[in-house]
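Asks: Chains as they are written, first to last, in the working numbering: chain A, 1130 to 1224; chain B, 1130 to 1224; chain C, 1130 to 1224; chain D, 1130 to 1224.
It should be emphasised that the hints constitute simulated quantities derived from the structure, not laboratory data.
Be careful, since some hints might not be right.
No distinction is drawn between identical chains; accordingly, a pair holds when it is met within one copy or between any pair of copies.
[To be verified] Here are the simulated EDC-like pairs of lysine to aspartate or glutamate, each with C-alpha atoms no more than 16 angstroms apart in a straight line:
| hint | residue 1 | residue 2 |
| --- | --- | --- |
| 1 | Lys1190 | Glu1141 |
| 2 | Lys1206 | Asp1168 |
| 3 | Lys1190 | Glu1140 |
| 4 | Lys1190 | Glu1214 |
| 5 | Lys1206 | Glu1140 |
| 6 | Lys1136 | Asp1168 |
| 7 | Lys1211 | Asp1193 |
| 8 | Lys1206 | Glu1141 |
| 9 | Lys1190 | Glu1161 |
| 10 | Lys1190 | Glu1209 |
| 11 | Lys1220 | Asp1168 |
| 12 | Lys1190 | Asp1168 |
| 13 | Lys1136 | Glu1209 |
| 14 | Lys1220 | Glu1161 |
| 15 | Lys1136 | Glu1161 |
| 16 | Lys1211 | Asp1168 |
| 17 | Lys1211 | Asp1144 |
| 18 | Lys1211 | Glu1161 |
| 19 | Lys1206 | Asp1144 |
4 protein chains.
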Amino acid sequence: MKKKRHKTTHEENLDRLSRLEGQIRGVRRMVEEGAYCIDIITQIQAVRSALGAVGLRILHKHMDHCVADALRSRSAKEAEVKIRELMDVLKRQSS
Amino acid sequence: MKKKRHKTTHEENLDRLSRLEGQIRGVRRMVEEGAYCIDIITQIQAVRSALGAVGLRILHKHMDHCVADALRSRSAKEAEVKIRELMDVLKRQSS
Amino acid sequence: MKKKRHKTTHEENLDRLSRLEGQIRGVRRMVEEGAYCIDIITQIQAVRSALGAVGLRILHKHMDHCVADALRSRSAKEAEVKIRELMDVLKRQSS
Amino acid sequence: MKKKRHKTTHEENLDRLSRLEGQIRGVRRMVEEGAYCIDIITQIQAVRSALGAVGLRILHKHMDHCVADALRSRSAKEAEVKIRELMDVLKRQSS
């Protein structure tokens, strides 16, 4: 029996993005076919929420790598640049 | 000279959704090619924000129609159902 | 035996806002006393979320009244103004 | 002439939180006095947005300290705990 190969975060993100592409296509079809507005909006909210989840996963991976790099390099200057980048992302998120 | 035809909200929404589909494909390509995480996240935020804008346009159209219908039918019961639907959408949005 | 008086939405909102005032005071005390940043942020998120819930309750009441008025007056013009106001609120919310 | 003392982030946050307490009191007064719903909601949105800004400032300070500590201690284990805490905050934020 073949064991199911463990998916990396990278592959999982690609799968999720493919699925999201299909979901947007689905939303377009709903608009084309004159689906009920509230149903379209509900579907749009689901896509946005799934996109946000992919974003958070990428952010998590990014922070893991950043901190690993910072620990290796011990460069306070580089760490500061990374924090500023991160804060810019978070400001846009919550504005 | 041919005058550019005025686009309806409906057509504009379809165009925007097609573009968003392409943008998600772009995000996937960024992930595949190992683009910088912060750039990927920034792009994801742009897509989410554009999706939110399409959602608001559809919501606006929906409210225009609902109110027109309510004014025509003068049915308080029907209006109540519509308001409850709308509040459910808004609760999900802000939670 | 005295029956507990049923609270109106109005009174409940006032109670919630008094409580939120106290919670903000609590956040300030946490900052003063040098509480752990993550705990302060978690508390701030709770206050924001509770504030959002009060906002939604007021919005719900507003829509009930608006629609009732629209049904009474049958004024499409007035309804349009109300919808525009509402959309401005929702745009700020989701931006 | 006395020079205005430079305010620390800590003092500024306390000032902002005091002001926010006053603003919530203002919202309560608006509700008491039967102000127009849309005006109340607009004011609530302003308070939420200002609260979010205080949260981001505290988060920024927190990250500066965390990274400084991580650089000092070079403890990958400790860094991991901090990242998990941070991700929990961000997940709640964007959910």
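Asks: Now, for every hint given, state plainly whether the structure supports it.
Replies: Here's how the hints hold up against the structure:
no., hint, result
1, Lys1190 x Glu1141, "within (13 angstroms within a copy, 33 angstroms between copies)"
2, Lys1206 x Asp1168, "neither (49 angstroms within a copy, 20 angstroms between copies)"
3, Lys1190 x Glu1140, "within (13 angstroms within a copy, 34 angstroms between copies)"
4, Lys1190 x Glu1214, "both (15 angstroms within a copy, 14 angstroms between copies)"
5, Lys1206 x Glu1140, "neither (33 angstroms within a copy, 26 angstroms between copies)"
6, Lys1136 x Asp1168, "neither (33 angstroms within a copy, 23 angstroms between copies)"
7, Lys1211 x Asp1193, "both (12 angstroms within a copy, 10 angstroms between copies)"
8, Lys1206 x Glu1141, "neither (33 angstroms within a copy, 25 angstroms between copies)"
9, Lys1190 x Glu1161, "between (38 angstroms within a copy, 15 angstroms between copies)"
10, Lys1190 x Glu1209, "between (18 angstroms within a copy, 11 angstroms between copies)"
11, Lys1220 x Asp1168, "between (30 angstroms within a copy, 15 angstroms between copies)"
12, Lys1190 x Asp1168, "between (34 angstroms within a copy, 14 angstroms between copies)"
13, Lys1136 x Glu1209, "neither (33 angstroms within a copy, 22 angstroms between copies)"
14, Lys1220 x Glu1161, "neither (35 angstroms within a copy, 24 angstroms between copies)"
15, Lys1136 x Glu1161, "between (36 angstroms within a copy, 15 angstroms between copies)"
16, Lys1211 x Asp1168, "between (40 angstroms within a copy, 13 angstroms between copies)"
17, Lys1211 x Asp1144, "neither (28 angstroms within a copy, 29 angstroms between copies)"
18, Lys1211 x Glu1161, "neither (43 angstroms within a copy, 22 angstroms between copies)"
19, Lys1206 x Asp1144, "neither (36 angstroms within a copy, 30 angstroms between copies)"
In summary, the structure is inconsistent with hints 2, 5, 6, 8, 13, 14, 17, 18, 19 from the numbered list given earlier, while agreeing with the others.
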